[in-house]
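Put chain B on the given structure of chain A with help from the hints.
Line by line, the protein sequences give chains A and B. Start counting the first sequence at 1; every next residue gets the next number (the numbering used here). Start counting the second sequence at 1; every next residue gets the next number (the numbering used here).
Do not take every clue at face value.
Each pair may be met inside one copy or between any two copies, as identical chains are not told apart.
[To be verified] Only pairs whose alpha carbons sit at most 27 Å apart, straight line, appear in this in silico DSS-like list of lysine-lysine:
1) Lys139 <-> Lys283
2) Lys309 <-> Lys258
3) Lys139 <-> Lys518
4) Lys49 <-> Lys139
5) Lys512 <-> Lys284
6) Lys518 <-> Lys97
7) Lys49 <-> Lys349
8) Lys349 <-> Lys258
9) Lys533 <-> Lys609
10) Lys283 <-> Lys609
11) Lys135 <-> Lys59
12) Lys97 <-> Lys512
13) Lys609 <-> Lys512
14) Lys97 <-> Lys609
15) Lys349 <-> Lys512
16) Lys349 <-> Lys284
17) Lys349 <-> Lys139
18) Lys284 <-> Lys139
If you are wondering where the hints come from, they were derived from the structure by calculation, not from laboratory data.
Number of protein chains: 2
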Amino acid sequence: MATQTHLEQWHNLAQQLRIDSIRATLEAGSGHSTSSMSAADLAAVLMDKYLHYDFENPKQPQNDRFVLSKGHAAPLLYAMYKAAGIISDEELLSLRKFGSRLQGHPVPILPWVDVATGSLGQGIGQGVGMALAGKYLDKLPYKVWVLMGDSETAEGSVWEAFHTAAYYNLNNLIGMIDVNRLGQRGQTELGWNTYAYVERARGFGWHAIAIDGHDLNAIDRAFGEAVTISDRPTVIVAQTIKGKGSEEIENMNGWHGKAMKRDQAERAIEELGGNHNITIRVKKPDIQAQPALLGLAQPLQLPSYEEGKSISTRKAYGEALRALGAAHPDVVALDAEVSNSTYAEDFAKVYPDRYFEMFIAEQQMVASAVGLQVRNYKPFASTFAAFLSRAYDFVRMAAISRADIKLVGSHAGISIGEDGPSQMALEDLASFRAVWNSTVLYPCDGNQTAKLMEQMYDREGIVYLRTTRMNTPVIYSADESFPIGGSKVVRSSDQDQITIVGAGVTLHEALKAYDRLKTESITARVIDLYSVKPIDTETLYQAAQDTDGKLIVVEDHWVEGGLSAAVSQAFVGIETPSFYNGPKLQVIQLAVRDMPSSGQPEELLHAAKIDADAIVTAAKSIIKQPVIR
Amino acid sequence: MATQTHLEQWHNLAQQLRIDSIRATLEAGSGHSTSSMSAADLAAVLMDKYLHYDFENPKQPQNDRFVLSKGHAAPLLYAMYKAAGIISDEELLSLRKFGSRLQGHPVPILPWVDVATGSLGQGIGQGVGMALAGKYLDKLPYKVWVLMGDSETAEGSVWEAFHTAAYYNLNNLIGMIDVNRLGQRGQTELGWNTYAYVERARGFGWHAIAIDGHDLNAIDRAFGEAVTISDRPTVIVAQTIKGKGSEEIENMNGWHGKAMKRDQAERAIEELGGNHNITIRVKKPDIQAQPALLGLAQPLQLPSYEEGKSISTRKAYGEALRALGAAHPDVVALDAEVSNSTYAEDFAKVYPDRYFEMFIAEQQMVASAVGLQVRNYKPFASTFAAFLSRAYDFVRMAAISRADIKLVGSHAGISIGEDGPSQMALEDLASFRAVWNSTVLYPCDGNQTAKLMEQMYDREGIVYLRTTRMNTPVIYSADESFPIGGSKVVRSSDQDQITIVGAGVTLHEALKAYDRLKTESITARVIDLYSVKPIDTETLYQAAQDTDGKLIVVEDHWVEGGLSAAVSQAFVGIETPSFYNGPKLQVIQLAVRDMPSSGQPEELLHAAKIDADAIVTAAKSIIKQPVIR
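If we strip away everything but chain A, and leave its shape as in the complex, we get (with noise of 0.2 Å):
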């Protein structure tokens, strides 16, 4: 039982966070007072008693973890860092403005923000990533806190997320739902039914408690609860109030997202007991104990192939892989119930405690990794290309976390064959080149698998590899370099007719398609674009000046925003320092442009006049066209 000092100081702290979020939004002129002050009463007993952490060492390992996963809620959030003594009164007020670090939705430019949040549904699945690096890789006994909106519940990601916090019994994960009742344009599917909330997380595996989130006392009671669970993730559902405090606007529809008019926001200060000033000491961790060691790094020794051998890009990214793990004990791996496919099972084989199966259960894999990598772990996740696009809403928010993590797409394009289309990525080049400082890489042999894989471990961002299922001639040998944001010129002679580009399995087109030509005279020049983003202009410049502008882009992907587009767009573009400054280009696109099917590969390439026949075709056509110098 808390003490009455205990409970007046909380409530006293709360009532700042709530005039801080109304001062805040009022100055701003927009934001989420009353999603803030619906949630300040959790808030302040968590700051104040059960959070571990040191604010002047946000990086430091055994801090617990706060996630906001109501980001909208941001003004809570800084009243928060205000009330811990960290931001001043005059950067509060600086929320939503140019500038600011206080932006509308938490951004990790602030050093005690780990994930960006905003987009609704996602904190929790990050909380789980980081719960997963504090329970098994660095052991140690930190919390990670997240607490979400009711509305957010709708999300079919929390779910994934409650599932695979409860299959890793991750008891150091605790959930709060702030179940104010009214979302941004009504009432949510539940209402204040709390007890449908509990029912969903008992069924998933959850402890579960349901209180009422202005109950001081009860919300001591179900911290204190809560970090006692030794076998499974505690939610608190905490029936509240939007806009609480401030009876004009309590538990009103149409005050979502709205700051208060000046003379509202002056009553609602006074009733809340007008401006306060408390600064608390939030308690920091022992650090003592220190992240468990994985492993000791070995000097790397990437697989190599054999030229002329043949091999999957797939299975070299799982051999790839393995070596890292040797190399480098903070590599992870996680897979979405593919990894005999996409062959992350090498890693796991070897490294089981660094390797987190995530089932079926795409957005969970990519927030599992954002959290793996707020712990600084390099986490590795795979499924089939075109089972990425299930969470790229998960990937664009991770490039606004400033995450790094590494994302490898198998079964990528038609070459797959039988499957069919649903299991075909034939947009995974567009959507994740338009992912903000992503490195999109598309290998066509296992030693530049292996070579590009050495890379992506210290790359920073997003990265994106793209793998392929068929086997693929090796054309380079094991000692060749491949550094991202090159490209290997494969066939080359200072007659040069025209450029044939290519990567992945429509390189090996290229190659088969330039031996014919030659037979018939004419020569081509191969590029390999191994590096799709950032790409290689220098190289494609020089190929174009060589070649008369003549250029034959050849993808195993639709025509829009993969190759064809970086390529296109790396020619017209004048904004760059250096531009091309050659003949008219000229390009033929050979992409996917019908719906494919079921067959083998073989046909499939030929139908969709992407092989090396299409190839020879365009060759002979561009070949006539006149040059423009």
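Just chain B, lined up with the frame of chain A:
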């Protein structure tokens, strides 16, 4: 209680379905016989006793719907078709072959397949859409039967479907979970813990029945119970054995998606009682009751806006949608809990019976739309454009389903201002362009929005409309037309020196830049590229011809895959019948390149260098470039 004759008949039918699954995959050399065999008993009872379906009239409104959500069990589905007498044994054995309708996963090339499946966890959501149509629009008694795998319940989207179905009391929806314990690479999260499935389903408000999925009597009783439940959806959790019927592979790991060897297959077929040739006469539905009339079509009266006034395109969307609703009783709308921001509420208020609130569940929103269009409704589904990324895999699959759905993303780009990057769609043009057979529209004013909406109604495939949060001036008169695939030359003269291409919010920046450039005697052609896909190459080519190939493309989107990419790809490609033959192209791509923050729209447009200032600067720089003809 089923009679002995029935039980025998079902047994024989189930064995035949197993045998045919084995035979088809044997012939194909790949495919999922074991996942078909586990569900064969469910399928046999369903098709013999409970399904009401006229195979000769698959579009018949009164038909039940059957969705094979576990699409990899396609051999079972095709074996059912053979047993129903609608495909021949010869066709059955064409499974997975090039040119066959029987693809690796079901696609609607087959007239009895309503939606493509194969990306797991989607069928139940699409079933929800069909059941919404049945209960609330058609008001017909048909049932929607969805057969799920156990593995796929790890997808959060399944739980979006569950809570949506419960919220809408979809007693016409009956799910089956084939709990065969084994996923692709090993045991599922829950194994044979059917109790856990039941708890989850009940937590989400469903009636749930756990049975032995090979006990034909129990299956019969469960279906019999399910069809009588009047207030909620029912799920039958069936404990089954993967590979059931062939002792040597039953319940064994490593048999997912693998065809048997010939001798194994022969032994299995013998064990299953040898080749049968049963044909079942599936019951036809009662076709007396007709779909309900949802209103009488009125002449279309699009909203119109006075030139010079200001309105946001999102508001015009809402008003145009309401107008379409009056003109077309088959228009339905969905939104993901932000209808007061997207203005879908303008429709919802007038046509509440044709509006479905999806809460914050974007995947389910798209799935519902796909399900609704199966019954020929015209769904318009809206949310923030950023959050449509959540449903990208559903959109991809909708394209494979050949679904006709209209998706509307509001609050696109950095021009939303204070909310920050989590709410800003900057990848939507790229991702939607890379969807098969898609249309991508991006209006800049109210009248244009209304005119595009009129065309969206009829347009096939995935049609995406991008709207803007801020008010923008009305620049077009209400009687102008904006054909899809066209563009608008907003400013031009016969001495234009450069071309500025914009759309949406940047079109207005282009117009401001035009005015400023004019005062400095620089004349620009300004093109409004409201139809991003298909793109108006002709007008672009003419402009480039007329302005020495000097183009500025300005977009509120990442530089990759959006407007710049569309324009670049339109120019460099010579694979089209008519191609650009003018002066060498020199493009400045003004697009978002750095991660935006919060701020006022104008501040953000300026910081990102996509405002009038940036256009003016670019124009002056590009004008200095030498022309290459």
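| said: When the structure is checked against the list of hints, which entries are broken? Sort them ascending. | reply: 3, 5, 6, 7, 10, 15, 16
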